[in-house]
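Work out the full structure, taking the sequences as your base and the hints as a guide.
Chains as they are written, first to last, in my numbering: chain A, 6 to 283; chain B, 6 to 283.
The set of hints was computed from the structure by calculation and includes no laboratory data.
Any given hint could be a false lead.
All copies of an identical chain are treated as equivalent in the list; a pair is satisfied when it fits inside any one copy or across any two copies.
[To be verified] SDA-like mimics (lysine to any residue), calculated; alpha carbons at most 25 angstroms apart, straight line: (1) K256 - L164; (2) K256 - D126; (3) K256 - D141; (4) K256 - V216; (5) K256 - T63; (6) K256 - A123; (7) K256 - G217; (8) K256 - A246; (9) K256 - Y273; (10) K256 - G15; (11) K256 - E157; (12) K256 - D267; (13) K256 - D132; (14) K256 - R98; (15) K256 - P130; (16) K256 - V127; (17) K256 - F142.
Here the structure is a predicted model, which is why all the values come from computation and not from measurement.
One-letter residues, chain by chain:
There are 2 protein chains.
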Amino acid sequence: MTRVAVAQLGLHVGRPDDNRAAARAAVAEAVAAGARLVVLPELVNSGYVFAGAAEARTLAEPADGPTVSEWVRLARAHDLIIVGGFCELLDGRLHNSQAMVDAGGLRAVYRKAHLWDAEQDVFVPGDGPAPVVDTDFGRIAMMVCYDLEFPEWVRSVGLAGADLLAVSTNWPASPVPAGERPVLLAHAQVAAASNRMYVAVADRCSAERGVGWVCGSSIMGPRGYPLAGPVLEDRPAVLVADCDTGAARDKAVGPRNHVHRDRRPDLYPDAGARIPAT
Amino acid sequence: MTRVAVAQLGLHVGRPDDNRAAARAAVAEAVAAGARLVVLPELVNSGYVFAGAAEARTLAEPADGPTVSEWVRLARAHDLIIVGGFCELLDGRLHNSQAMVDAGGLRAVYRKAHLWDAEQDVFVPGDGPAPVVDTDFGRIAMMVCYDLEFPEWVRSVGLAGADLLAVSTNWPASPVPAGERPVLLAHAQVAAASNRMYVAVADRCSAERGVGWVCGSSIMGPRGYPLAGPVLEDRPAVLVADCDTGAARDKAVGPRNHVHRDRRPDLYPDAGARIPAT
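Written out as structure tokens, the structure is:
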């Protein structure tokens, strides 16, 4: 059993020192609560709502830059795993990236494969698989925001054996019918339930240049129900839940079914070419 | 714009005449409400909780048997499309099947590909794709119960251009945390939102041999929010919502994104062989 934390941070575009301080404070709060794995939002260093690519470039840093280096120091100091998003400069190009660090240093960098809206003017999409990294906690998968809306992508880490999917996000708010929960949370629930894994979502708060946020930080259990959150309030928050890799490795559902073995890959076409013109 | 109805029926194993009468009454109610497409639950003729394969066999009938033939008569009389589940006898074998009929007669039979629990002792799983049928309403996809929990299966009909996915189900109840909606409804929401299509779920009610039901009949819109239902009460119900194929063919999400074109099929592995032993 490992205590997992997700940190909902108030971030501000163009204020990397403040943003790093917010992350540092949240990590301290998570450590005090007993967490061994801390998930941080998307683009922690830079903020999200760039005036354009030029501004983003001034805020980007490499994976050995000040932000991820600080996470490595915190991970070493507290024997933690930290997963968080950062605006990355790599070979002269920008990526919407997510780092995993532990006491041993940088473990993985994932570069967001599905870019949302104006991100397409700023970032180069990633070309690699969503990582599934063996850690002291178990097998942790990595994903950023809009990635979670692609069931194929989620399935790829489920089938690769992920015990927990760490989602760093900045979910922009959109209208939600009265009495409903934002549907993005249903995506997190179904990602969990379809693969019987944990899904830990770290969202952000604090409106930025007129963009508000879902503030949907939450930890979903393998049955698809929240163990913590969703926050759904515009405030910083650290949520924790105790997660058990044993529960995530039991893919049984009901007395005789199994979420992965019951698949019928013989029947699933390679659907990539089937998009009708409409 | 077409008015779509889902009928939550009180069914009883071993009482096919009563079950057909319940379906007939619900179709009449849907017609009176102006519906042109009516979705009925899974295994309408037979009920669900069989004592065993032998009992199921006594209740099975071919696709030109009394149940589907009655649906054809109703479809002709009222110029309807009806989609509903039935216990099918085909070439000496039993299938958990779903028929689509319209004024022209039988349009399609789908045989459930993902069998739940004791269904495995009774039915032979289907070997064909989930159909997407061109109708006067638009392109209607067909699926039964547990099928909906396989994102690949749902994606296959989304990419084939389905405007609406008709789900005939008997969702057995399982424990739900206080304040939560049964996660099966999240599956329906995400199926809709991930593909910007309608999802019309016809569930059943009335406990049968000790098994209770989610009673989750509902119609989800292309943004993943309910347009009608979920009922979540153990009573027969007919729900209607007006559905527009134009809305289902607009796959845009936000100003610059598209739920299908944003896929990265270059990155999605053929995941069938990647299930780890755990």
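Here's how the hints hold up against the structure:
1. K256 - L164: within (11 angstroms within a copy, 27 angstroms between copies)
2. K256 - D126: Classified as between: cross-chain Cα gap 21 angstroms, same-chain 40 angstroms, threshold 25 angstroms.
3. K256 - D141: within (21 angstroms within a copy, 41 angstroms between copies)
4. K256 - V216: Between copies only: 23 angstroms across, 39 angstroms inside.
5. K256 - T63: neither (45 angstroms within a copy, 34 angstroms between copies)
6. K256 - A123: between (38 angstroms within a copy, 18 angstroms between copies)
7. K256 - G217: Cα proximity of K256 and G217: across copies only (23 angstroms, versus 37 angstroms in one copy).
8. K256 - A246: within (20 angstroms within a copy, 36 angstroms between copies)
9. K256 - Y273: Result: close both inside a copy and across copies, 20 angstroms intra and 22 angstroms inter.
10. K256 - G15: Close neither inside one copy (36 angstroms) nor across copies (32 angstroms); limit 25 angstroms.
11. K256 - E157: both (18 angstroms within a copy, 17 angstroms between copies)
12. K256 - D267: So K256 and D267 pass the 25 angstroms test inside one copy only (10 angstroms; across, 29 angstroms).
13. K256 - D132: between (29 angstroms within a copy, 24 angstroms between copies)
14. K256 - R98: For K256 and R98, neither the intra-copy (40 angstroms) nor the inter-copy (30 angstroms) Cα distance is at most 25 angstroms.
15. K256 - P130: Answer is between; shortest inter-copy Cα gap is 21 angstroms, intra-copy 32 angstroms.
16. K256 - V127: Classified as between: cross-chain Cα gap 23 angstroms, same-chain 39 angstroms, threshold 25 angstroms.
17. K256 - F142: within (18 angstroms within a copy, 39 angstroms between copies)
Violated hints for the displayed structure, listed by number in ascending order: 5, 10, 14.
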